[in-house]
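**Student:** Read off the chains here:
Protein chains: 2
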Amino acid sequence: MGRNTSTTSENTALIEAVTCGPIHSSSKSYLEVPAEGSTLSVPVRRISLTNDTTFDVYDTSGPYTGYADAGECHDLASGLPPTRDGWAHPEAVPASPEDPTPVRTQLAWARAGHITPEMRFIAAREGIDVEVVRTEVAAGRAVIPANHRHPESEPMIIGKRFLTKINANIGNSAVTSSIAEEVEKMVWASRWGADTIMDLSTGRDIHETREWIMRNSPVPVGTVPIYQALEKVGGDPTALTWELYRDTVIEQCEQGVDYMTVHAGVLLRYVPLAAKRVTGIVSRGGSIMAAWCLAHHRESFLYTHFTELCEILARYDVTFSLGDGLRPGSIADANDEAQFAELRTLGELTRIAKRHGVQVMIEGPGHVPMHMIVENVRLEEEWCEEAPFYTLGPLATDIAPGYDHITSAIGAARIAEAGTAMLCYVTPKEHLGLPDRDDVKTGVITYKIAAHSADLAKGHPGAQARDDALSTARFEFRWRDQFALALDPDTALAYHDATLPAEPAKTAHFCSMCGPRFCSMRISQDIRDYAAQHGMDTVEAIEAGMAEKSAEFTGQGSRVYLPITE
Amino acid sequence: MGRNTSTTSENTALIEAVTCGPIHSSSKSYLEVPAEGSTLSVPVRRISLTNDTTFDVYDTSGPYTGYADAGECHDLASGLPPTRDGWAHPEAVPASPEDPTPVRTQLAWARAGHITPEMRFIAAREGIDVEVVRTEVAAGRAVIPANHRHPESEPMIIGKRFLTKINANIGNSAVTSSIAEEVEKMVWASRWGADTIMDLSTGRDIHETREWIMRNSPVPVGTVPIYQALEKVGGDPTALTWELYRDTVIEQCEQGVDYMTVHAGVLLRYVPLAAKRVTGIVSRGGSIMAAWCLAHHRESFLYTHFTELCEILARYDVTFSLGDGLRPGSIADANDEAQFAELRTLGELTRIAKRHGVQVMIEGPGHVPMHMIVENVRLEEEWCEEAPFYTLGPLATDIAPGYDHITSAIGAARIAEAGTAMLCYVTPKEHLGLPDRDDVKTGVITYKIAAHSADLAKGHPGAQARDDALSTARFEFRWRDQFALALDPDTALAYHDATLPAEPAKTAHFCSMCGPRFCSMRISQDIRDYAAQHGMDTVEAIEAGMAEKSAEFTGQGSRVYLPITE
Chain A
7 MGRNTSTTSE NTALIEAVTC GPIHSSSKSY LEVPAEGSTL SVPVRRISLT
57 NDTTFDVYDT SGPYTGYADA GECHDLASGL PPTRDGWAHP EAVPASPEDP
107 TPVRTQLAWA RAGHITPEMR FIAAREGIDV EVVRTEVAAG RAVIPANHRH
157 PESEPMIIGK RFLTKINANI GNSAVTSSIA EEVEKMVWAS RWGADTIMDL
207 STGRDIHETR EWIMRNSPVP VGTVPIYQAL EKVGGDPTAL TWELYRDTVI
257 EQCEQGVDYM TVHAGVLLRY VPLAAKRVTG IVSRGGSIMA AWCLAHHRES
307 FLYTHFTELC EILARYDVTF SLGDGLRPGS IADANDEAQF AELRTLGELT
357 RIAKRHGVQV MIEGPGHVPM HMIVENVRLE EEWCEEAPFY TLGPLATDIA
407 PGYDHITSAI GAARIAEAGT AMLCYVTPKE HLGLPDRDDV KTGVITYKIA
457 AHSADLAKGH PGAQARDDAL STARFEFRWR DQFALALDPD TALAYHDATL
507 PAEPAKTAHF CSMCGPRFCS MRISQDIRDY AAQHGMDTVE AIEAGMAEKS
557 AEFTGQGSRV YLPITE
Chain B
7 MGRNTSTTSE NTALIEAVTC GPIHSSSKSY LEVPAEGSTL SVPVRRISLT
57 NDTTFDVYDT SGPYTGYADA GECHDLASGL PPTRDGWAHP EAVPASPEDP
107 TPVRTQLAWA RAGHITPEMR FIAAREGIDV EVVRTEVAAG RAVIPANHRH
157 PESEPMIIGK RFLTKINANI GNSAVTSSIA EEVEKMVWAS RWGADTIMDL
207 STGRDIHETR EWIMRNSPVP VGTVPIYQAL EKVGGDPTAL TWELYRDTVI
257 EQCEQGVDYM TVHAGVLLRY VPLAAKRVTG IVSRGGSIMA AWCLAHHRES
307 FLYTHFTELC EILARYDVTF SLGDGLRPGS IADANDEAQF AELRTLGELT
357 RIAKRHGVQV MIEGPGHVPM HMIVENVRLE EEWCEEAPFY TLGPLATDIA
407 PGYDHITSAI GAARIAEAGT AMLCYVTPKE HLGLPDRDDV KTGVITYKIA
457 AHSADLAKGH PGAQARDDAL STARFEFRWR DQFALALDPD TALAYHDATL
507 PAEPAKTAHF CSMCGPRFCS MRISQDIRDY AAQHGMDTVE AIEAGMAEKS
557 AEFTGQGSRV YLPITE
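The listed protein sequences derive, respectively, from chains A and B.
For my numbering, count along the first sequence from 1 and bump the result up by 6.
For my numbering, count along the second sequence from 1 and bump the result up by 6.
There's no promise every hint is true.
As the list claims (entries may be wrong) - Residues from chain A shown here face chain B by an in silico Cβ test under 8 angstroms; the list is partial: (1) S459; (2) S477; (3) Q488.
Stated by the list, open to error - In silico DSSO-like pairs for lysine-lysine, Cα to Cα no more than 27 angstroms straight-line: (4) K282/A with K512/B; (5) K512/B with K34/B; (6) K464/A with K282/B; (7) K282/B with K512/A; (8) K512/A with K34/A; (9) K464/B with K282/A; (10) K464/A with K34/B.
Claimed, not checked - Okay, the calculated bits of chain A under chain B, using three or more residues with CB under 8 angstroms as the criterion: (11) 284-297; (12) 492-498.
Simulated from the structure, these hints should not be mistaken for lab results.
We treat Cβ as the ideally placed atom computed from N, Cα and C, and that holds for glycine.
This is chain A alone, in the form it adopts within the complex:
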C-alpha cells in the first residue's frame, strides 16, 4: 500500500470500489464492554423488525456497514484505526511449562491464567463466559488469530466450543485481478459473514495488495507464505531455500498476517504415496514442497526448520494453520495412506508449536464421501490434541463442477457438526475459474448455512433464536421481517418480488405458493385464534367435543377464504 506513496486519485478510486452502507433493515451497533484500562466496543448488527423489536446478530463486517455510503468511508490509504494498539495487554510470560522463553501470545497468556482484552471481546461477541474462552485457548482447543501488528482487527475465536467460523479465500493470480478488486472482495466477503479471509495472491504486487488488505481488514487475515516465496524465485520450486522462505515469513509477520498455512507435514517419504492416487497432489503448497523434496532428495526445509519458524511466529503471535498438502482431491483418494501419514506428522508439529507458545490449527480435506467424514475429525482430535480443525468443504462428490459450493456445503455441515471449528468456503467456480463478486457472496452465504446448521446440531446456546425469530415472522406473515432476518435479505426480497412484486403482497396473509384463496399457515392461526377467543386452551377446546363450537368455527372460518383485500 505504501501509506505515503499512494496518490489521492488512486485512493478515491479505491474507496469508490468498496461496498459501504448498512445491510438491509440493519444498523451497526456496539456493545460497550469494560476491560482493564479501557472500554471495548464489540460490534453487533442490529436488525429492526416491524413489530418494534430488534434482533442482534454476530457481525463480521467491520466499520464499513456503519458508514451511510462510500462518501463516509475512512481513508483507505491510512487504514482502519489501530484499535487494539490501545488495549492493555499482559506482560510476556513463559512460552510453556517446557520452554521458559518469554512470549506474548494468547496461548501462553491463557496458560498463565491471564485474561486478555481479546478474550473479553470474544466472550461478549460469542455470548459466552470469558473463563471458557481462556480455558479453551489454554488447552489449545481454540485459537485467537491476532498478530500484534494487525491492530485493526476485531478479535474472534476458532474452536469447537464456539460458533462455527467460515473463511473466504481471495487473492489475485497470474491470470487476473487487481488490488482494488481484492480489497473490495475482502470487504464484500466480511460483509456477508466471512470470519477470516485468506489472501492467496500469486501474481504481481503481492506485498502491495496484502498491505492494502491488512490495513483495512476488520477480520483476521491468513496467507500461504510459500506462494510469495515462489514468486520471488521466478516460479521454480527447486530454487526455494529456507532462508528465502524465512525472510518471506518475517516480511508477512511484520505486515500483520494473523495466521499462516505451512505445509510442513509433506515429508519426502510421503510423496510416493500421493503419486499412486487418482488425483495426486492437489494442494498447491503441497505440490511445491513435494517438487522441492524430490528435486533435492532432501527432507522439507519447513520440517527441518520448524523450530525456527515457531520462534518467529511466537514473536508476533501469528497462528499456525498446519496445511494438508496431501489432502485428497477426489472421492477415490479420501482417507488414504498419504493423507493420514501427513496428519500424524501435523500432530507431532502441533506439540512442538505449542511448546513454543504458538497457537495452532490443523487444515483438513478436501474431497471425502459422507460416510468417511467423521473419521477425519476423530483422527485429527486424537493425533493433534484437539487443535481446531479447519477444513476445505469437504466435497461429498466429484460430479458437480459448477455447484461445488453445494457439494462441499453438504460435507462442511457434516464435518462441522462432528467438531470442525472453521470451514473454508468453496465457490461455484471451484475447479473451473476465479470467483467474481457474486461467486464470493454465494460462497459465503452457503458456508454460513453450513456453519449455522452445525451450530444448531451441536446445540450451541442461542443458535436457534434466529431460526425461531424468522419462523415466527413467517407464521405471522411479517414478510419484511423474514427478509430482514434472512442470511441474505436482498436475495430473499428479490425472489419474493419476482412472483408477487406488488407492495401489498409484503403484508398479505398469503404467498404465491398456495395463492390467496387457501393458506395453510393462515388456517393454523385461525385455529389458534379460535381457541384464544373462547378463553380456553386449544387442546381443551377441541377435546371438549362441543358441536356448537365447531359450527362457530365454520362460520368464522369463512374469512380464511375471502379474497384478500389488504
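Using the hints, position chain B against chain A.
**Tutor:** Relative to the frame of chain A, chain B by itself:
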C-alpha cells in the same frame, strides 16, 4: 388435453415450448433386455469422451433427448407411445395372505413370486439382479409407481437398496402459470434428472393440465387429489365430502396418476398438538383436513374411508404416498408430538394398504436440524415396516430463504444416507415464490448432488464410477470430459469460459486458479511420468535415494514452468 379437441396451432405452440435435443456430449441409447414375449428398451444416456471411450449414466429424460430438436418431437396431442400396454403382465393374484381379492399390482405379483416386465426393466436400469427387485417390492421396502393407465412411463423403483431418487414438484396455482409452461417444466425437470414429478396444480384447468402431462411424461407422476377436490368445492374445505374426494381420486386414477399423496394420518385429536407449534400446520393438505375435522368435529374421511381408498388404488396399481400433514415447518417444531403421532398412524395405514395389495411409501419432513434427522428414519422404519421414505429436504435451518435448495440439500443428503429412498426437491424460491425454469433446474441438480452423495455414502455398487471418471479427466486435463461428465455440463462450461474463454484453454494443462506457471496437478503427473520413464515403481524410485535421479527430475521438471503453447 382432450386428445381430440386440441387444435393443431395450439399443439405446435406447445411443441415449440418443450425442450428437445441431446444433453451436451451425450446421445440417447437403449439397452435391449429380453422379457417374456417382447424386448424391453431400457434408456441410458451415453456420454462420449475425448479419449474415445463412453460412459453410460442412468437416464430419466425420456424420448425428448433422443430428438435432434423440437422439429422431431412426437405429436404432444397424441402423447408418447403407450409402450407398457404391449408388455406381457401376469394374471391377477390374491391381494395378500389375508385378502384373497384378485389384484394386479407389483406388490401382489412380487409376493406371488412373479417377475414383471417392469421389474426386469428396473433391474437393467439399476444394474442389479432382478430377484433383488422382486424381493424388495414383495417386502414393501420398495415401490414401483406404475399405474396401468400410464403406459407411457419408463418404470423406476423407489427403495433404499436402489439409487436414491428425486422428485420435482410442478403445477400451476391460482396466481400464475399455464399448461404449456407445466408440460415444459415436466420435460425440463426429467431432462436434468427428476425421477418422478408431482403435479401440484391448484388453479384452473387442473384436469386438462394433468392430461397433457400424463400423456407426455416418461416418468411417474404423483398428485395430491385433495387439491383438485378443494377446487371443486370453490376452495372451502368444510364443504368437502368423502364422495366428492373419492370421485376425484377415481378421475385421477383413470388418467394414469402413478402415486397419490393422501393425508389420512391427520386425525382430529392430533390437530390441537399442531396448534401449539411455532409454525402450526404447514402442509396444505394437512391444513385442509385439519380445517375439515375441526369444522365438522368428526374424524377425517380419509381415515374412516381408507379401506375403500385401498380398493380403488389396487385396481390401477396406484401407489400410496401417505402424506405428512403434520410435518414440522420450522426447526422449533421438529420431531414433536404432532409429527410422530401422525407417523404412528401412517404405520397403521401402511399395514392396511399392504393387506389390500397396494404399494405404499411414507412422506417425511420438512424442517429438521441435523442431529435430529436420523431419528426420523429410525422411527419411520420401525413403525411403517420399512416402507420407502420420501422426504421434503429436510431443511437443516430456517434462516436462509432464497437458498433453501442448499439448506435442504444438507438435510436431504443426510436423511438419504440414513435410508430415505426418494427426496422431494426444494428450489431457491421455496417460501418466497413459484419456481421458474432456472429454479427448477437448480433444484433438480442440487438434489441429484444430495442423492448421489448418499449413494456414495451407502456404498451403492457403481456409484463411485462417475466420480472416478470425472476426477481422472480432471487430473489428465481433459477439460471437455470434465464438462461432459458433470451433472450440469452447460454450467460447468460457462463458468470455465467466464475466466478463460479462449478455445486453447480447453486443452491447456493448467487452469485459472494457479495460472500457467505452476500447477499442482501437473507436478503430480510429472512425478508419475518420471517414475514410469525410469522403468521402476515410483515409490522405489524415490526411496532408492539416488541423487542423480533427483538431478534428472530437476532438469526435466523445468517443462512444468514453461509458458503453455498448446
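**Student:** Against the earlier hints, flag every one the structure doesn't satisfy and list their numbers going up.
**Tutor:** 10
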